[in-house]
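6 protein chains.
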Amino acid sequence: MTELTHIGPDGRARMVDISGKTDSERQALATGRIRMAPETLARALSRDTKKGDPLAIAELAGIMGAKRTADLIPLCHPLPLTGLKVEITEAAEGSALQVSATARTTSKTGVEMEALTAVTVACLTLYDMLKAIDKSMVIEGIELVEKSGGASGDYRKAKP
Amino acid sequence: MTELTHIGPDGRARMVDISGKTDSERQALATGRIRMAPETLARALSRDTKKGDPLAIAELAGIMGAKRTADLIPLCHPLPLTGLKVEITEAAEGSALQVSATARTTSKTGVEMEALTAVTVACLTLYDMLKAIDKSMVIEGIELVEKSGGASGDYRKAKP
Amino acid sequence: MTELTHIGPDGRARMVDISGKTDSERQALATGRIRMAPETLARALSRDTKKGDPLAIAELAGIMGAKRTADLIPLCHPLPLTGLKVEITEAAEGSALQVSATARTTSKTGVEMEALTAVTVACLTLYDMLKAIDKSMVIEGIELVEKSGGASGDYRKAKP
Amino acid sequence: MTELTHIGPDGRARMVDISGKTDSERQALATGRIRMAPETLARALSRDTKKGDPLAIAELAGIMGAKRTADLIPLCHPLPLTGLKVEITEAAEGSALQVSATARTTSKTGVEMEALTAVTVACLTLYDMLKAIDKSMVIEGIELVEKSGGASGDYRKAKP
Amino acid sequence: MTELTHIGPDGRARMVDISGKTDSERQALATGRIRMAPETLARALSRDTKKGDPLAIAELAGIMGAKRTADLIPLCHPLPLTGLKVEITEAAEGSALQVSATARTTSKTGVEMEALTAVTVACLTLYDMLKAIDKSMVIEGIELVEKSGGASGDYRKAKP
Amino acid sequence: MTELTHIGPDGRARMVDISGKTDSERQALATGRIRMAPETLARALSRDTKKGDPLAIAELAGIMGAKRTADLIPLCHPLPLTGLKVEITEAAEGSALQVSATARTTSKTGVEMEALTAVTVACLTLYDMLKAIDKSMVIEGIELVEKSGGASGDYRKAKP
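So the protein sequences, as listed, match chains L, Y, H, V, G and S.
Using our numbering, the first residue of the first sequence is number 1, and each one after it goes up by one.
Using our numbering, the first residue of the second sequence is number 1, and each one after it goes up by one.
Using our numbering, the first residue of the third sequence is number 1, and each one after it goes up by one.
Using our numbering, the first residue of the fourth sequence is number 1, and each one after it goes up by one.
Using our numbering, the first residue of the fifth sequence is number 1, and each one after it goes up by one.
Using our numbering, the first residue of the sixth sequence is number 1, and each one after it goes up by one.
For the record, the hints were derived by calculation from the structure and aren't laboratory data.
Treat the numbers as computed from the prediction; the structure is a model and nothing was measured.
The beta-carbon is built from N, C-alpha and C at its ideal position, and this holds for glycine as well.
Warning: the hint list may mix true and false statements.
Below 27 Å or equal to it, Euclidean Cα-Cα: the simulated BS3-like pairs (lysine-lysine) are [claimed, not checked]:
id: 1; chain 1: Y; residue 1: Lys-108; chain 2: Y; residue 2: Lys-157
id: 2; chain 1: Y; residue 1: Lys-21; chain 2: V; residue 2: Lys-157
id: 3; chain 1: G; residue 1: Lys-157; chain 2: V; residue 2: Lys-135
id: 4; chain 1: V; residue 1: Lys-159; chain 2: G; residue 2: Lys-135
id: 5; chain 1: H; residue 1: Lys-159; chain 2: S; residue 2: Lys-135
id: 6; chain 1: H; residue 1: Lys-21; chain 2: Y; residue 2: Lys-21
id: 7; chain 1: S; residue 1: Lys-108; chain 2: S; residue 2: Lys-21
id: 8; chain 1: H; residue 1: Lys-135; chain 2: S; residue 2: Lys-159
id: 9; chain 1: H; residue 1: Lys-159; chain 2: Y; residue 2: Lys-108
id: 10; chain 1: L; residue 1: Lys-21; chain 2: G; residue 2: Lys-108
id: 11; chain 1: G; residue 1: Lys-108; chain 2: V; residue 2: Lys-157
id: 12; chain 1: H; residue 1: Lys-135; chain 2: S; residue 2: Lys-21
id: 13; chain 1: V; residue 1: Lys-21; chain 2: H; residue 2: Lys-108
id: 14; chain 1: G; residue 1: Lys-21; chain 2: V; residue 2: Lys-135
id: 15; chain 1: S; residue 1: Lys-108; chain 2: L; residue 2: Lys-108
id: 16; chain 1: L; residue 1: Lys-135; chain 2: Y; residue 2: Lys-157
id: 17; chain 1: V; residue 1: Lys-135; chain 2: H; residue 2: Lys-21
id: 18; chain 1: V; residue 1: Lys-108; chain 2: Y; residue 2: Lys-21
id: 19; chain 1: L; residue 1: Lys-108; chain 2: L; residue 2: Lys-157
id: 20; chain 1: H; residue 1: Lys-108; chain 2: H; residue 2: Lys-21
id: 21; chain 1: L; residue 1: Lys-157; chain 2: Y; residue 2: Lys-135
id: 22; chain 1: L; residue 1: Lys-21; chain 2: S; residue 2: Lys-108
id: 23; chain 1: H; residue 1: Lys-135; chain 2: S; residue 2: Lys-108
id: 24; chain 1: S; residue 1: Lys-135; chain 2: H; residue 2: Lys-157
id: 25; chain 1: Y; residue 1: Lys-135; chain 2: L; residue 2: Lys-159
id: 26; chain 1: S; residue 1: Lys-21; chain 2: G; residue 2: Lys-21
id: 27; chain 1: S; residue 1: Lys-157; chain 2: H; residue 2: Lys-135
id: 28; chain 1: G; residue 1: Lys-157; chain 2: G; residue 2: Lys-21
id: 29; chain 1: V; residue 1: Lys-21; chain 2: V; residue 2: Lys-157
id: 30; chain 1: V; residue 1: Lys-135; chain 2: H; residue 2: Lys-108
id: 31; chain 1: G; residue 1: Lys-108; chain 2: V; residue 2: Lys-135
id: 32; chain 1: L; residue 1: Lys-108; chain 2: S; residue 2: Lys-157
id: 33; chain 1: L; residue 1: Lys-108; chain 2: Y; residue 2: Lys-135
id: 34; chain 1: L; residue 1: Lys-135; chain 2: Y; residue 2: Lys-21
id: 35; chain 1: S; residue 1: Lys-108; chain 2: G; residue 2: Lys-21
id: 36; chain 1: G; residue 1: Lys-108; chain 2: G; residue 2: Lys-157
id: 37; chain 1: H; residue 1: Lys-157; chain 2: H; residue 2: Lys-108
Below, a sample of chain L positions facing chain S; criterion: calculated Cβ distance under 7 Å [to be verified]:
id: 38; residue: Glu-25
id: 39; residue: Glu-59
id: 40; residue: Leu-60
All chains should be built: construct the whole structure from the sequences, respecting the hints.
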């Protein structure tokens, strides 16, 4: 059975030793959604403001949040991000905003958590920006879509 | 129409001025889930380790993450948390772990974002702890269940 | 002679004891500028992008930076900001962007440093956003314009 | 038997709910030592530098470290420090530097952890400043000397 | 005489220039203790809780604290930790908990401070978790046991 | 026309992808000034304190601030500083303190922002240390003097 690499043989939490791994280019793509009432969505999409808007602020918050990943996730290794992009668009289905984040690094370990953290911080920021008009929004569908690079090989989520 | 309080009349992002509000006791409850394969869930629930386990570590990460809310969410006010509890249990339905977080403060503004941040950081940590055996987990259903205190009154999410 | 309150009678650095002070509403306004070539300024002001632009990102960075003031300035007291606004506009004179920040709190000590930190982080962010086209920009004129509240009374900078 | 307040009745870690407590003035004094070879101590005490010296830098690091207490100690409440002083002197006995820190706040909970964190960060900084000439230094005797304020009453450590 | 590498020839504090060094694998082991009354120790060791216990929480806090080393210690270089383990056990002698931390990196500089920071943050967390039943605990014996890698060669503390 | 590299073709903010770049040694020098009344300057320069003084504290704050650059500047890449020095002296002209900072790294991107951040945090700290005696100080002349290393080549600011 595959082992839980964060838990050592003695049951203690540990930051897994990756000293023996070599640096390689790695990339990860994660997505998520925040579902909201149609009028909330219309408001978010209106971008009726010249200099700031919920989507742009949430994209930026996602980028900045990704840089805090190792501070937030206890057993994550700190790693030097070499690229990060967050994109928020109207979801193809339903009344929702779709968030996607691509993270890149050249490192001994992957950037899945950085991509997932970018998505969740962006979703939380959208919630914060819009909660004055709608408290019933739901964040959902946060998942890793694909990753590449590293010894464990590439991963691409199977379509449902 | 209710205004987006984070965006001022001139379209600029701003941290809303709450100087005129009075301190009051406030509480918020948020929940979320991370869905996973049954064997992953069994593994997470086995807690076959004496001193550490994914659930306990994720609960702690959620508590610590809530203390970073104002660092992560651009327009959130910093506030002194007076209580924080995160609880992870097997979800009542489906193959998932259920996360709930209760945040409390005595402050001029609410703790909804702190409760939601606790839930998402706990979910991200569960993902990180278990991703070696299952990368297809999905974080979902992150929402505010209820809040109390403050001028805007109490809120309780309608049951679907 | 007025004492340097951060240096105790024995010469040691210290975070000044403000335990005996009472909470009061306080506000501070600081301003600064970043001077640049006319074509750089034109580019910054073009805002030819739908969702992000240097000014909006710098305004947000200024707000977030102000929340880190006590982390950055060694002897600053941590305090709960109750409002923060950063505004970037074309300077009235010369080829420059003008940054102004207003900070508010209800606290035992003032928010001058928070307002000044917001201005400088916004200026640094503008530099970072525009340095690919102009490395010769200069940040200047960072000063406290006025402050109110607190035992030491109000202050308004004399016009030159 | 006195309960471990950080562990709830169900065994989960939690940030204890202090919402019902009232703000009061609180103070704590902690001390510690770093023992080193006599020649290392002589070097540290020489302060043969005009603008910086290991003791001054460590005192400042202790002050700044205390402001990070709630970031470091998982179940600590964030609180607004109202005063912090760190003092490093030659120890009365043995070849060592003595560190003491006094922390103050007006809050619902005590500042013991802030005082202890200030002492340990100062000791770690001394180690870092001096380790090029002596790696065998030992940090010891870190303890709470006294605290005052709060419902649990004053505490003063018994002399051995 | 060996120089204090953090203090430049002009007496100013500085982050030592390590640009010319090559990356190499480095490891450090540090230990420490927290001494407490026998009944406190019994309580800590009872681990009578299913999901959380002082030792597990302190181990995790030590790991997370190590990631903040460069934030806390003024002249420490930021470095990418490649492994971190903290172990808390009953001390072989006396009534105490023994903490040990092993840190690893591939970097231009060593991880002694990261290992020492992990130990001290774990000790502080134990203090925090247990102080409701015993305020007289003492943190002691924090020292570097051994380090390997880097130009300055290996180090192993002499047994007393 | 040179592109604004932080803004992608679709107008979104992004952390530029530098994955394809190679690590190289890079250095940057930035300077700035804080202008003040002659008596304030005399006081700052008196260094009449044995263990702490405004200049030494500000130099240290500049070093520590540089380590937070990627936390403060939204689209900055995190990078491992390999050297940092901050120097504060009496300005050659006028009544002012002159701050200069040299930053070094071996990385895929430059350290201009780290050097500029060090200078501004040092200036803000000087303001904070001296504001009890003079609130009218002005921070000015913050600029990049030169940088070397990296694909874009060396830069040296033209003398006016």
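Against the structure, the hints:
For the suggested pair Lys-108/Y and Lys-157/Y, the alpha carbons sit about 22 Å apart, so the restraint of at most 27 Å is met. Annotation: proposed proximity of Lys-21/Y to Lys-157/V is violated, straight-line Cα distance about 42 Å (limit 27 Å). In summary, the hint linking Lys-157/G to Lys-135/V is supported, as the alpha carbons are separated by about 8 Å, within the 27 Å threshold. About 14 Å separates the Cα atoms of Lys-159/V and Lys-135/G, which keeps this hinted pair within 27 Å; it holds.
For the proposed pair Lys-159/H and Lys-135/S, the alpha carbon gap of about 14 Å is at most 27 Å, so the pair holds. For the suggested pair Lys-21/H and Lys-21/Y, the alpha carbons sit about 21 Å apart, so the restraint of at most 27 Å is met. Taking the CA atoms of Lys-108/S and Lys-21/S, the gap is near 6 Å; set against the 27 Å cutoff, the hint holds. Proposed proximity of Lys-135/H and Lys-159/S is supported: the alpha carbons are some 14 Å apart, at most 27 Å.
Under the criterion of a C-alpha separation no larger than 27 Å, the hint pairing Lys-159/H with Lys-108/Y is inconsistent with the structure, at around 36 Å. A distance of roughly 17 Å separates the Cα atoms of Lys-21/L and Lys-108/G; the hinted pair therefore holds under the 27 Å criterion. With a CA separation close to 44 Å, the supplied pair Lys-108/G and Lys-157/V exceeds the 27 Å bound. Distance check on the hinted pair: Lys-135/H and Lys-21/S sit about 21 Å apart at the alpha-carbon level, within 27 Å; holds.
Straight-line distance between C-alpha atoms of Lys-21/V and Lys-108/H comes to about 20 Å, which keeps the hinted pair within the 27 Å bound. Between Lys-21/G and Lys-135/V, the direct Cα distance comes to roughly 21 Å. Compliance with the 27 Å bound is thereby established for this hinted pair. For the hint linking Lys-108/S to Lys-108/L, the alpha-carbon distance of about 16 Å falls within 27 Å, and the restraint holds. Distance check on the hinted pair: Lys-135/L and Lys-157/Y sit about 8 Å apart at the alpha-carbon level, within 27 Å; holds.
Between Lys-135/V and Lys-21/H, the direct Cα distance comes to roughly 44 Å. Violation of the 27 Å bound is thereby established for this hinted pair. As the CA atoms of Lys-108/V and Lys-21/Y are separated by approximately 20 Å, the hinted pair is consistent with the 27 Å bound. Straight-line distance between C-alpha atoms of Lys-108/L and Lys-157/L comes to about 22 Å, which keeps the hinted pair within the 27 Å bound. For a cut-off of 27 Å, the pair hint linking Lys-108/H to Lys-21/H stands: about 6 Å separates their Cα positions.
A threshold of 27 Å between alpha carbons decides the hint, and for Lys-157/L with Lys-135/Y the separation of about 8 Å falls inside it, so the pair holds. Pair hint Lys-21/L plus Lys-108/S holds up; C-alpha atoms about 20 Å apart against a cutoff of 27 Å. Between Lys-135/H and Lys-108/S the alpha-carbon distance is near 19 Å, which keeps this suggested pair within the 27 Å criterion. In summary, the hint linking Lys-135/S to Lys-157/H is supported, as the alpha carbons are separated by about 8 Å, within the 27 Å threshold.
About 14 Å separates the Cα atoms of Lys-135/Y and Lys-159/L, which keeps this hinted pair within 27 Å; it holds. Between Lys-21/S and Lys-21/G the CA atoms are separated by roughly 21 Å; this keeps the pair inside 27 Å, and the hint holds. For the hint pairing Lys-157/S with Lys-135/H, the CA-to-CA distance comes to about 8 Å; that is within 27 Å, so the pair holds. A hinted pair counts as satisfied when its Cα atoms are at most 27 Å apart, and Lys-157/G with Lys-21/G qualifies at roughly 25 Å.
For the hint pairing Lys-21/V with Lys-157/V, the CA-to-CA distance comes to about 25 Å; that is within 27 Å, so the pair holds. Note on Lys-135/V and Lys-108/H: the hinted pairing is violated, with a Cα-Cα distance of about 43 Å set against a maximum of 27 Å. In summary, the hint linking Lys-108/G to Lys-135/V is supported, as the alpha carbons are separated by about 19 Å, within the 27 Å threshold. Straight-line distance between C-alpha atoms of Lys-108/L and Lys-157/S comes to about 38 Å, which puts the hinted pair past the 27 Å bound.
The hinted pair formed by Lys-108/L and Lys-135/Y meets the criterion: a straight-line CA distance of about 18 Å does not exceed 27 Å. Proximity of Lys-135/L to Lys-21/Y is assessed by CA-CA distance (about 21 Å); at most 27 Å being required, the pair is judged to hold. Taken as a hint, the Lys-108/S and Lys-21/G pair is honoured in the structure, with Cα atoms around 17 Å apart against an allowance of 27 Å. Between Lys-108/G and Lys-157/G the CA atoms are separated by roughly 22 Å; this keeps the pair inside 27 Å, and the hint holds.
Only pairs whose Cα atoms come within 27 Å are accepted, and Lys-157/H paired with Lys-108/H is accepted, the gap being roughly 22 Å. Given hint, Glu-25/L at the interface with chain S, holds; its Cβ is 6 Å from that chain's nearest Cβ, closer than 7 Å. With its C-beta approaching chain S no nearer than about 6 Å, Glu-59/L sits inside the 7 Å limit, and its interface hint holds. The closest approach between the C-beta of Leu-60/L and any C-beta of chain S is roughly 5 Å, which is under the 7 Å cut-off, so the hint is satisfied.
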